[in-house]
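*Asks:* So the protein lines, in turn, are chains D and Y.
Quick note, the first sequence lines up with residues 1 to 182 if you use the numbering used here.
Quick note, the second sequence lines up with residues 1 to 379 if you use the numbering used here.
Check the hints yourself; a few may be wrong.
As the list claims (entries may be wrong) - Every beta carbon over 12 Å from chain D, so not counted as near; a handful from chain Y, in silico:
#1 A174
#2 E178
#3 N192
#4 P196
#5 S198
#6 G201
#7 R244
#8 G329
What the hints assert, rightly or not - Not everything, but these chain Y residues come out facing chain D in the computed CB check (under 7 Å):
#9 H175
#10 N179
#11 P183
#12 P280
#13 H309
Unchecked claim - Quick look at which bits of chain Y chain D covers, simulated, 3 or more residues with Cβ under 8 Å:
#14 230 to 240
#15 282 to 296
I should point out that these hints are in silico values taken from the structure, not numbers from a laboratory.
C-beta: ideal position from N, C-alpha, C; glycine also.
Chain by chain, the residues run as shown.
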Amino acid sequence: MNSDPVQVRLSGAGGQGLITAGVILAEAALLDGKNVVQTQTYGPEARLGSSKAEVIISATTIAYPQVTVPDILLCLSLEAAKKYMSLVHHDTLVVLDSTIGPEVTGRGRIVRLPMTATAVATGGKMAANTVALGALNRLTGLVSPESLRRAVLARVPERFRALNAAAIEAGERLASPAEAPA
Amino acid sequence: MKRQRLIQGNEACAHGALYAGCSFYAGYPITPSSEIMEILAQEMPAQGRVFIQMEDEIASISAIIGGAWGGAKVLTATSGPGFSLMQEGIGYASITETPCVIINCQRWGPSTGQPTKAAQGDVMQAIWGTHGDHAVIVLTASNVRDAFEMTVRAFNLAEEYRVPVILLIDEVLAHMRENIAWPEPGELPVVNRRAPESTAGFKPFADEGFLPFGAGSRYHVTGMAHGPEGFVAHGEAAARELRRMIGKIQDRVKELAVFEAAMLDDAEVAIVSYGITSRPARAAADQLRAEGVRAGCLDIKTLWPFPEHLIADIAGRVDRIVMPELNLGQLVREVERAAGGRCEVRALGRIDGSLMTPQQICDAARSGKLQAVGQENSK
Numbered sequence: 001m002n003s004d005p006v007q008v009r010l011s012g013a014g015g016q017g018l019i020t021a022g023v024i025l026a027e028a029a030l031l032d033g034k035n036v037v038q039t040q041t042y043g044p045e046a047r048l049g050s051s052k053a054e055v056i057i058s059a060t061t062i063a064y065p066q067v068t069v070p071d072i073l074l075c076l077s078l079e080a081a082k083k084y085m086s087l088v089h090h091d092t093l094v095v096l097d098s099t100i101g102p103e104v105t106g107r108g109r110i111v112r113l114p115m116t117a118t119a120v121a122t123g124g125k126m127a128a129n130t131v132a133l134g135a136l137n138r139l140t141g142l143v144s145p146e147s148l149r150r151a152v153l154a155r156v157p158e159r160f161r162a163l164n165a166a167a168i169e170a171g172e173r174l175a176s177p178a179e180a181p182a
Numbered sequence: 001m002k003r004q005r006l007i008q009g010n011e012a013c014a015h016g017a018l019y020a021g022c023s024f025y026a027g028y029p030i031t032p033s034s035e036i037m038e039i040l041a042q043e044m045p046a047q048g049r050v051f052i053q054m055e056d057e058i059a060s061i062s063a064i065i066g067g068a069w070g071g072a073k074v075l076t077a078t079s080g081p082g083f084s085l086m087q088e089g090i091g092y093a094s095i096t097e098t099p100c101v102i103i104n105c106q107r108w109g110p111s112t113g114q115p116t117k118a119a120q121g122d123v124m125q126a127i128w129g130t131h132g133d134h135a136v137i138v139l140t141a142s143n144v145r146d147a148f149e150m151t152v153r154a155f156n157l158a159e160e161y162r163v164p165v166i167l168l169i170d171e172v173l174a175h176m177r178e179n180i181a182w183p184e185p186g187e188l189p190v191v192n193r194r195a196p197e198s199t200a201g202f203k204p205f206a207d208e209g210f211l212p213f214g215a216g217s218r219y220h221v222t223g224m225a226h227g228p229e230g231f232v233a234h235g236e237a238a239a240r241e242l243r244r245m246i247g248k249i250q251d252r253v254k255e256l257a258v259f260e261a262a263m264l265d266d267a268e269v270a271i272v273s274y275g276i277t278s279r280p281a282r283a284a285a286d287q288l289r290a291e292g293v294r295a296g297c298l299d300i301k302t303l304w305p306f307p308e309h310l311i312a313d314i315a316g317r318v319d320r321i322v323m324p325e326l327n328l329g330q331l332v333r334e335v336e337r338a339a340g341g342r343c344e345v346r347a348l349g350r351i352d353g354s355l356m357t358p359q360q361i362c363d364a365a366r367s368g369k370l371q372a373v374g375q376e377n378s379k
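So here's chain Y without its partners, still in its complex pose (with noise of 0.2 Å):
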């Protein structure tokens, strides 16, 4: 049997990261991200690798930037305010197509707010918190062995696409110990940055490959609208870049689309959800199944670019998708719009800072117009 090991949430992120070959490690310590650089601050300084901590958030995201420009695979974690503080650099990362990886362990929100309590309230910061349109990748991770996966993929999508790519996980699984088949050395892929053809004449943003800063030819690196050679540009030629940038990403949505499904071939209800909430959804689809109602589930990892083809071939085939989120209905908009009208969406909020029970998803599934649908079609 392959090692197993218990492994808290946070744990797992710490160890992916080291498994994917994060060199540099730039961060402000904030609950309840905190044990992901309090464990990649014993790991990095000896095992060779760049460990700093930053006087904020907004240092802990320039230094990742700069650490990527200096040709290092980049992480930083936080959680809610700290992520706040990093929009502005996240933007800048998008912009400069900056590979880099921000972990944002949710806790409820806004403000301070309860800082030990579990939440999935930043989704919609965590596609849109910058300023323009721009392109970033998000994920999410529902156990702790996805943790570990998750963290792995991040990087490999920074590195691939260039983009600032930001992994959402919460308290509760930051925090929750589960036994994880332990990825050994080359089990995962691993993907590193792609060095270009030639130095000469090197243009940052000609999909040439990434050349670090000093690595042999000078270039312009600005968050001001530019163009392939790294000079200002405007108007159709600013407008081409950015459709380029952000085609890079929605022009893959499949590909980029990681979701796990079940009982959903035969399903009338489908219950659609990410991260931690996706633990009580199964457990109401089981429950449900046990007593007839043929409900399956969707567990979606990959949030940004959203995998609408998944919903919108759901849709044509359920009467009901029932959404539920630790926020008042964040991300279930994607998926209403993506459905189309073809069946109905229900969401199911909580913000009291406990996990949706798998009673309530339940509950949101059974009750309502599901059962009205059915006496209608007995007359």
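Only chain D is shown next, with the shape it has when bound in the complex (with noise of 0.2 Å):
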């Protein structure tokens, strides 16, 4: 990502971690030395609908703190994707979840990854947030990959530090299929 400030929307279900995403991306950029703003949904949706968390990441200083349109927009949900697919540029980057199905489809530069599947294959459903960061981070270089660590972990209770850990590395894995294990 080349562009300053990097606009990103985490968009899925109440209840998937996106907002807790967002948080750990915010702070992941903190510590690269970046300003940062991260805004999220409140309210009754945020519980039983879809969720959203934003962040906006500059070397200078922020001034608008929500994302007009995102560089960046992952999608976890169906739900999610209805609704903020439509909101994106040319030239975004759209992650969506492989259980999204190829029917649904917009403008913008999209990859479809099986982060909820994977997150159940390394230990957790609530993991997908993990790993979504994780990839999104290996295809776009927001952060560097030790701050983006850093940040998880010390974001989540220690019992779930190992499978975070984890969780981070085969999102990277997805967004990299080369390098993936045989």
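Join the two chains, each given in its own frame, into one complex according to the hints.
*Replies:* Quick look at the structure:
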């Protein structure tokens, strides 16, 4: 990602950990010495329907705190994809979970990755947000891989650290299949 | 590099209060202000400070007034419905010259409204909500670092001027996380209450300083009009005291004015804003500059006493002031009054619970009469 600021929108269903993912990404960017603003949906829709976290990262001062048009869009649920895929530009990197069928399409550079399935295989569906962060970061180089690891491990409870460390790596491998072990 | 931390606006308010030496908090939780109370509920008892959850907001404001007269530096935090309930107490705090801080985390109103949606609809209420002419200071913040600093400033002004100080933030700033350079101890000034030189014959309203209840002298505090000794006053004596109370704020308007101005020196359009709306305002000014429009912006952080002198200065130099607010036009009335017809003042309101966008502000700055003025000039 060469643009500055970079606008990131992380979307999915309430309970998939998108807001936690947003906070982790923001903390990783801060560890890299960047300025960052993180916002989220707040209220009933964040608990039942679709949930969204936004992160803006810049080397300079960030004026407007919310995403206008995302440079990177993550959708972990069909409902979120339907809601947010129309709000992108032609160059937006759109990363969809493989549970979202090929009939769902739109503008932007669309990449489909089995993030939820990978989380399940790694040890728990709840780690889908961390798998997604690993994958997104490998695709974009938003933050340094070390900062992402530090931010994830600082945020998750002790008993889930091993799972989340594995989830980052699994996400990174997903986004670079050539490096994946046979 | 200074220690950077990623925190929410509400966290910044809570930690700002601790930094300022808040020693007594009483409140009742309400969205979207509750994190302030949650953090202080954890931090204050652990630090030997007093935290009380009251039964409602009327009790909360009453408790902090009592806390102040007990010698504490006091805070309550609430949102619209709770702020409405507090109005009578704010009037009592004002006429009794009680140093206290009230944080109102604004949400969409009136009434229950939309508890999770941002608004700036409580500005006039913060200034004029309690009955009668009265002295209050109203501050706001447009970023998370500001939320910390303005909370500290609110305490300082409450102590220095002995008035209720209201800090207005909003749902978006309350829950937004930003990295801030964490203020070190001693970095920001902290003002403490001035003690009287002598307790003998202490007059509570004679600018002799502040003597808490039970600290060596008996005196009278009442919500009725009163003289320097605290006893009931009428007629000219009452008028003189009220003028003094209001004067101690209004006469210091320039000193109290906190603001950030950008790119105004050669501006033809000034975007005047406050609170969270100053963020899209700045983005809009940058965008307009990139398009060749000479735009500048003024972020007002002291809403009351209203810094008329800043607007008067700008109005004499620009063609147009654009004033975006998350309401249907409240502080713009003060701006219009201060501009005195020297430039066009265009109000831009939004009340759907979302932030103003930079594009909306750009459109308001560009369209309409401004172009017409240019066309007239070219004829």
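*Asks:* Compare the structure with each hint and give your call.
*Replies:* Hints and how they fare:
1. A174: 9 Å, violated
2. E178: Violated, since 5 Å does not exceed 12 Å.
3. N192: Non-interface label stands for Y/N192: nearest chain D Cβ at 33 Å, farther than 12 Å.
4. P196: 45 Å, holds
5. S198: 51 Å, holds
6. G201: Holds, since 54 Å exceeds 12 Å.
7. R244: 42 Å, holds
8. G329: Y/G329 is indeed farther than 12 Å from all Cβ atoms of chain D, at 22 Å.
9. H175: Interface hint status for Y/H175: holds (6 Å vs cutoff 7 Å).
10. N179: At 5 Å from the nearest chain D Cβ, Y/N179 passes the 7 Å test, so the hint holds.
11. P183: 17 Å, violated
12. P280: 5 Å, holds
13. H309: 26 Å, violated
14. 230 to 240: Violated, because only 0 residues of the region 230 to 240 of chain Y bring their Cβ atoms closer than 8 Å to Cβ atoms of chain D.
15. 282 to 296: Contact hint for the region 282 to 296 of chain Y vs chain D: holds, 3 residues under 8 Å.
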